[in-house]
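Trainee: Protein sequence lines correspond, in order, to chains A and B.
The numbering used here applies: residue 132 is where the first sequence begins, and numbers increase by one.
The numbering used here applies: residue -2 is where the second sequence begins, and numbers increase by one.
To be clear, the hints were calculated from the coordinates, so they are not data collected in a lab.
Heads up, the beta-carbon is just placed ideally off N, CA and C, and yes, glycines get one too.
Fair warning: there could be bad hints in the mix.
[What the hints assert, rightly or not] Straight-line C-alpha distance at most 35 Å; calculated DSBU-like pairs for lysine-lysine:
| # | chain 1 | residue 1 | chain 2 | residue 2 |
| --- | --- | --- | --- | --- |
| 1 | B | K167 | A | K146 |
| 2 | A | K205 | B | K167 |
| 3 | A | K345 | B | K167 |
| 4 | A | K356 | A | K374 |
[Claimed, not checked] These stretches of chain A come out as covered by chain B in the derived footprint (C-beta under 8 Å, 3 or more residues):
| # | stretch |
| --- | --- |
| 5 | 163 to 176 |
| 6 | 234 to 240 |
These are the residues of each chain, in order.
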Amino acid sequence: MATMIQIEELVKVYKGGIRAVDGVSFDVEEQEIFGFLGPNGAGKSTTIKCVIGLLRPTSGRILIRGTDVRQSPKLVKPMMGYASQETAVDDRLTGWQNLFLQGHFFHLARKEIDERGEEVLRLCGLWERRNDSAGTYSGGMLKRLDIAAALIHQPSVLFLDEPTLGLDVQTRKVIWQYIEKLRSEQKMTIFLTTHYMEEADALCDRLAIIDRGKIMANGKPGALKADIGGDIVTARFVAPEEKVSRLVQALSALPETVSVTPMGDGLQRIVARQRGDRLIPEVFALAAKNEVGVESIRLHRPSLDDVYLHFTGREMRDEQGSREEIGKARMTQRRLRR
Amino acid sequence: MTFLSDVWYVAWRELVIFVRTPVRIIMVVIQPLIWLGLMGNMMQGFAKSPMVGQMLGTGNYLTFMTPGIILMTVLFGGAFSGMSIVWDRRMGYLEKLLAAPISRAAIPFGKAFAAAIQAGVQVLLIVLIATALGVRFATGPLGLLVILLIAMCFSLILSSFSLSLAARIKSHETLMAIVNFFTMPLMFTSNALFPIEAMPGWLATIARYNPVTYAVTAIRQLTLSGWDWLAIASSLGILAGLTIAVLTLSRFLFQRATAD
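Take these sequences, add in the hints, and give me the full structure.
Mentor: Spelled out as structure tokens, the structure:
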């Protein structure tokens, strides 16, 4: 399969000296859903904005189907569709008017806009509501309209920056279905960023994990998760320190455990090879044997935090954004949560 | 051609939003009505004095004031058009425009053009209201056309200036503060509501260099006394020059305004 996007040693240093993207390289294949995973402030949006030409990279090279983005923006722009984190739909216009404008901004002929507009609105399930003001749409509908607008000029690659940020769980799943449909019906390459592990898991063929502007891991979700292990059991033990460390040793020796990591505050994080529920009785049995009390115990599937912990050695946290970014994020959430 | 189409669709969006906001349209009608009805009436007694009448160039204060009201409406309308950029930036719509293959300059040009059209509509409404209140325009329909042209030109100047500021300024509050800082003094150091002849010397000097004065003088000329080609041409020339200068400035600033 051909390479759609090629990013080589991309660096972006903002005016304040912040290295938002620090030597990022990866490829996205054609007709692939590629996920870019990381906390807010990790450099995801900055990378996308460099690719679509909103930001000037400090150094590095970005190729779309072999064409340099910096050298021939006019050639490359029509190949790309972009739906930003903020859901840039004008909710004072109708759904159709939003599409109509987007079509003209991409210099489509009137006839093309009519045909293609109907197609993408039907695809996103908004055709019946096209003449309603976007202000009356729900959060999920706004996001779909935004995606539809990004599709009007038939781009070969679609960039979705946090497509489900601020949406509730059901709506999120609906958006996922539409994204799947785009790939299967429109043969589109999709590049999305997210900080939801489930999203990357449900959608992406491949993903890259980015932290503080650097790529920490890159591969198929299954493979990345296999690297972490299976379920995760978090337990809080109460006992003198030497007893707890003896228990930790015994737990580590179990064939079912991959690793035991102290999380501070008496918490121990036990990664199971597969099923954590089988591990819990053994934790209790060993705790009793070592005269350690179990104050609490919790079982969960690997989440983004766990992947993060695994690949970065740190807990996931959101970087503090600028005042403007925070304002934007709040506004997006307000708009989408009604 | 594509550039003109880009400008037009940027403007189209603003105009559709304007038309779809009934409250704004009602305000556009009511505001000049209040100004003309209330202020005109209030000052009528003052204009009756023959000395004042001589300074005003007419015994009817309303006639003197109408050009001022026209300019005031255009001034405030244009000055706030930069807000739409701040809003678009917050909404993420500006990024969407920048990511599209349109010319960057089409963004401020389109928005300024939309502001000028809105200003044109407002001026027509003011003229209608003023006519209903008894104001007569000395140069007739052709003169009104020139008045419209001057007003729209002035709107382009103000809105391009405001949009240029918004290319750099990212918060509503800051932009509002700067715009207010400029508009009120611009208004009150001009001859829009008060004749230069009645001003103290220092104020008269400022007023003579105030671009608002150029526009008001030309419009007032057309309203009160008739065709004075020299005065109109020099006013129009200065306004056209300013328009080109500010449009160029906004073009320059938006060309450089990536999301950096």
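Trainee: Taking each numbered hint in turn, which are not upheld by the structure, reported in ascending numerical order?
Mentor: 5
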